[in-house]
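Let the hints inform the model, and build the full structure from the sequences given.
Listed here are the chains, written in short residue letters.
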Amino acid sequence: MFPGFKFSVASYVVSLLRPEIIRDLDLPRHGLEILPLDGTFTPMENGDYLWRVNDHGRTRREIARHSKVDAEAYEEYGKAMVEMGRFVKPILSMTPPDPTSLDPSGLFELLRIGRRFQKLRPDDKQNQVQLMTMSAVDFLDRWFETDVLKATMSASGIIGTFLGVRSPGTAYVLLHHYMGEIDGAFRSWGFARGGTGAISEAIAAAAREAGVEIRTEAPIAQIRVRGGRATGVVLESGEEIEAAVVSSSLDPRLTFLKMVGRKELPDEFVEDLERYKYRGSSGKVNLALDGLPEFTALPGSGAHLRGAISISPSVEYMERAYDDAKYGRFSRRPYMDVVIPSLTDPSVAPPGKHVMSCFVQYAPYHLKEGNWDDQREAFGDAVIDALAVHAPNIRERILHRQVLTPLDIERIFGLTEGNIFQGELTLEQLFFLRPAPGWAQYRTPIRGLYMCGSATHPGGGIMGAPGKNAAGVLLSDMKRRRA
Amino acid sequence: MSAGRRDVVIIGAGPNGLVAAGLLAKAGFRPLVLERRGIVGGTAVTEEIHPGFRCSMIAQSAGSMPPAIVRALDLRRHGFETIVPAVRMFAPAADGRAVLLHDDPAHTASGLAAFSRKDAEKFPQFHASMSKIGALLAPLLSTTPPDIDRPGAGDVLRFLKLGKAFRGLPKRDAWRLLRWGPMAVADFAAEWFESEPLRAVIAGRGIAGAFAGPWSAGTTAHLLLAAAADPHSGGPDGFVRGGMGRFSESLAAAARAAGAEVRTGAEVASIRVQNGAAAGVVLAGGEEIEAGAVVSSADPKSTFLRLVDPGEQDPDFLANMTNYRSTGTVAMVHFALSGLPEFRALAGEDARAALSGRIHIGTEIDELERAFDAAKYGDFSPRPYCEATIPSLTDPTLAPSGSHVMSVRAQYAPYTLKKGTWTDRRDEFARAVVQVISEHAPKFAGSILATRVLTPRDLEETYGLAGGHIFHGEHSLDQLFTMRPLLGWARYRTPIAGLYLCGSGTHPGGGIPGASGANASREIARDLKRAPRRR
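If you're matching them up, the sequences are chains A and B in order.
The numbering used here puts the first residue of the first sequence at 1, with every later residue one more than the last.
The numbering used here puts the first residue of the second sequence at 484, with every later residue one more than the last.
Source of the hints: derived by calculation from the structure; they are not laboratory data.
Some hints could be false.
With a straight-line cut-off of 20 Å between C-alpha atoms, the simulated EDC-like cross-links for lysine to aspartate or glutamate are [claimed, not checked]:
1) A:79 to B:799
2) B:901 to A:323
3) A:326 to B:638
4) A:326 to B:856
5) A:277 to B:832
6) B:601 to A:267
7) A:368 to B:632
8) B:647 to A:103
9) B:605 to A:268
10) B:654 to A:271
11) A:326 to B:799
12) A:119 to B:638
13) B:605 to A:267
14) B:601 to A:272
15) B:902 to A:109
16) B:644 to A:109
17) B:601 to A:268
18) A:125 to B:847
19) B:901 to A:316
20) A:368 to B:638
21) A:326 to B:797
22) B:901 to A:274
23) B:601 to A:274
24) B:647 to A:410
25) A:368 to B:850
26) B:644 to A:274
27) A:119 to B:632
28) B:601 to A:109
29) A:125 to B:797
30) B:654 to A:242
31) A:368 to B:1010
32) B:901 to A:141
33) A:326 to B:674
34) B:605 to A:274
35) B:902 to A:147
36) A:125 to B:674
37) A:326 to B:677
Residues from chain B that keep clear of chain A, each with C-beta distances beyond 10 Å, as calculated [claimed, not checked]:
38) 521
39) 559
40) 589
Even for Gly, the Cβ is constructed at its ideal location relative to N, Cα and C.
What follows is the structure, given as structure tokens:
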């Protein structure tokens, strides 16, 4: 990208890779090493800051500096979220039932969830329901009074969505991010040594060892369908590969509308896919730095720079960032989640130099005026301006800047409309509705064609889970066919 | 003065309190209804806003009252008379045209063709889909939400019945229902239609009275709830001759005829609790009334945070009640007019018919959303979303001949303002309402004889709505059905034995007059008949 600097171009932290997947694939043996990311530092507009770390006692004292009540509540909140996480976890690894089908087994699955729900303590029941329906801020309002604490915590409710912190439904995404666990510890995030790419390489190594062949530089142009059954794929090079089963980890627009073709599909399915909402809303800015930025709120290059730096100074700031996007503009003052991986893993930058990755929201894929190719640098400037509010020396430190708009994310990574989760995580697109009503069980209207990407349950951001669930369905179908 | 012990005391003579009274009286009890104000009706009242000009102050229509209640109380005999306007909705567009929703969907569709062929073709499907889903959901309105913890045989039976009805829907509609509930009404409207003025009208029904904009998730649930009460694609009908006050008077008359007593000017200051059970009420004048059961039609927050001693309550329940969301966003602005407003979109047409239903002011989804944005930051909308009615068109008794009254529900007017107070800024808000109406009816301001504004503060102080919320609390997904007002307390009973809720803060919620009262009365009658009378 820039000589001597290594970026995790798109994603930047590892958090949500399911521990059972790490275990099943024995990823540490294949070179995966996760370096913990300690804490979140949130500079405020009044020159103060909020700095939460993994050390419970310290975080408690820090929150107490803002509000004693909130320090108490923080404990309770953590416990409640763990309970919620426990309730939701088995749901993430199940194949969603079809509630409209007459098949009693689907109904039974739903009843089982219902029964587990019944067994929750009354408070947890209430939390669970509110978590599923409320906005992140409304939900956090029930616990906390400190604005900056609510603002920075609510941020994880909107990552990858086209929703604001006050939009109902965002509380659930809050939990989605809480599911992130490394070695069993809830709510801990980390970097992969060598960048996020190292994760993929570890998974690939594990897959190869198990007998998988992986070909890169092999873009697929078409999925072959004959008589309603998938028979193989055609590469862009023209090469044809026959297959008994094709499983697509791409989003449904690419899989069906581009590679299969409308005429092979039922009209209603096409209608549902066209309605499926992507609405990418985030961008990424990667910076190569000559030295570390200095934050006015807490000068120096202390440990606060080693964790996440969250530009989420107030609830109003967050919500106004969303308002811009709602009307088709990028946020003039965006929310950002910033990390400096070179502090933890010096291998990614030359000595004394640093890389800084900014996840930026909102950058709506559909701009009302202009297009992303024209707006890219203006967007990059807005990001730097918003950073400079808190770290004025950032401008002098920048050696190189790489701006990724949602359009770039679409072009580079094949994510439709630049949505990092392959489709919004809103209630009407989750569980048995993901990606389309009646097609949430990894199967598709084309026999022998499966979906295994983030556009299937449980959705993006929980790395590997859709693939694992899909593999289960696929295996059982193949066994049945053989039998 | 009635002394001594009553079997049931009902707090508040709004539609829900009166329906509960009427039905409990019919079930053999002798309820006493206590109303703080000098008139019955609660939010369903007709008052004079200017000499000779009267109008419905908050609720504008009784069209969504479940017909079973109208029959059970024989309201028609007690003077309840509805007026069904020829046009259900008139919505002027920015370009001088207008969307008209008629009673007949085919008629609506033919008019929509001017905006979009596609929309004209889709409208009958939309109408049919709403009717089907409305019919499926309607029985839920008169159902007591199931007991989540210990579902009884009845609950299971009802659940299975509902499940059967759900599975009986065409698969497409079944999926729609599941998908739509949590959706933003803006997405819902866009799923059906492409023309912006029509989308805005449809979205209006999802945000009416809500602290939410059309882009807020869950607003479609609000629309579906309204559709369950009146599935008509054009929104509810049923204006009341004489205004909503007449409707309430008919309810009071029916309740009295059945054996209930209704006292006005009797403000309940507190609910007395003894040994964890409701023992009666104390009036503001000091009078004490003992009761076997106390039923509050006041909103949940007023009931538990104001009328019941916190020392008598479970702290967790109180904490959850404090978090119950009931921040009002509606102001009512009433105008006495020297003549009928002249809308540009109706130049040269029979304006009287077009304006006889509801008038939607808000030409685009984004316009409605921008109106909401202001409220999020604690200010009222500089360009409010308005729904107006001119009831004097169909009911000339409300205004002197040739003049009119116009009532506007204006959003968003948040209960708490960041700058200034509602007392200072009342007129400023009224001017904003006049401004947006004038964009469509330029001479409107010149016809105003008098203006009467009810801010959310007024709604709280005069009409007793805590937080000024016209529905006694948000119709958000987490505050509906088994969660209204709180999860575990949706069956009209409360943690205090003998204390019941029967207002809009219980299932099915606001805007459906009498439904909560009827459901509550059923549960109360069951309890009172089962339990041996205390003392």
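Results of checking the hints against the structure:
1. A:79 to B:799: holds, 17 Å
2. B:901 to A:323: holds, 19 Å
3. A:326 to B:638: violated, 42 Å
4. A:326 to B:856: holds, 11 Å
5. A:277 to B:832: With a Cα-Cα distance of about 42 Å, the restraint between residue 277 of chain A and residue 832 of chain B is violated, given a limit of 20 Å.
6. B:601 to A:267: holds, 18 Å
7. A:368 to B:632: Violated, at about 49 Å.
8. B:647 to A:103: holds, 13 Å
9. B:605 to A:268: At roughly 16 Å apart (the allowed maximum being 20 Å), residue 268 of chain A and residue 605 of chain B satisfy the hint.
10. B:654 to A:271: holds, 15 Å
11. A:326 to B:799: violated, 38 Å
12. A:119 to B:638: holds, 18 Å
13. B:605 to A:267: Judged against 20 Å, a Cα distance of about 17 Å means the pair holds.
14. B:601 to A:272: holds, 18 Å
15. B:902 to A:109: Judged against 20 Å, a Cα distance of about 52 Å means the pair is violated.
16. B:644 to A:109: holds, 19 Å
17. B:601 to A:268: With Cα atoms ~18 Å apart, residue 601 of chain B and residue 268 of chain A stay inside 20 Å; holds.
18. A:125 to B:847: Not OK: residue 125 of chain A and residue 847 of chain B at ~39 Å, beyond 20 Å, violated.
19. B:901 to A:316: holds, 13 Å
20. A:368 to B:638: Violated: residue 368 of chain A and residue 638 of chain B sit about 50 Å apart, past 20 Å.
21. A:326 to B:797: Given pair residue 326 of chain A, residue 797 of chain B is violated - Cα atoms ~42 Å apart, limit 20 Å.
22. B:901 to A:274: violated, 42 Å
23. B:601 to A:274: holds, 17 Å
24. B:647 to A:410: violated, 44 Å
25. A:368 to B:850: holds, 15 Å
26. B:644 to A:274: Roughly 34 Å between the alpha carbons, so the hint for residue 644 of chain B and residue 274 of chain A is violated.
27. A:119 to B:632: holds, 8 Å
28. B:601 to A:109: violated, 40 Å
29. A:125 to B:797: holds, 17 Å
30. B:654 to A:242: Roughly 35 Å between the alpha carbons, so the hint for residue 654 of chain B and residue 242 of chain A is violated.
31. A:368 to B:1010: Cα-Cα ~59 Å, so violated.
32. B:901 to A:141: holds, 18 Å
33. A:326 to B:674: Holds, because 18 Å separates the two Cα atoms, which is no more than 20 Å.
34. B:605 to A:274: The hint holds at about 17 Å.
35. B:902 to A:147: holds, 19 Å
36. A:125 to B:674: violated, 33 Å
37. A:326 to B:677: holds, 18 Å
38. 521: holds, 38 Å
39. 559: The claim holds: residue 559 of chain B sits with its nearest Cβ about 40 Å from chain A, beyond 10 Å.
40. 589: At roughly 24 Å from the nearest Cβ of chain A, residue 589 of chain B sits farther out than 10 Å, so the non-interface label holds.
Comparing the model with each numbered hint stated earlier shows that hints 3, 5, 7, 11, 15, 18, 20, 21, 22, 24, 26, 28, 30, 31, 36 do not hold.
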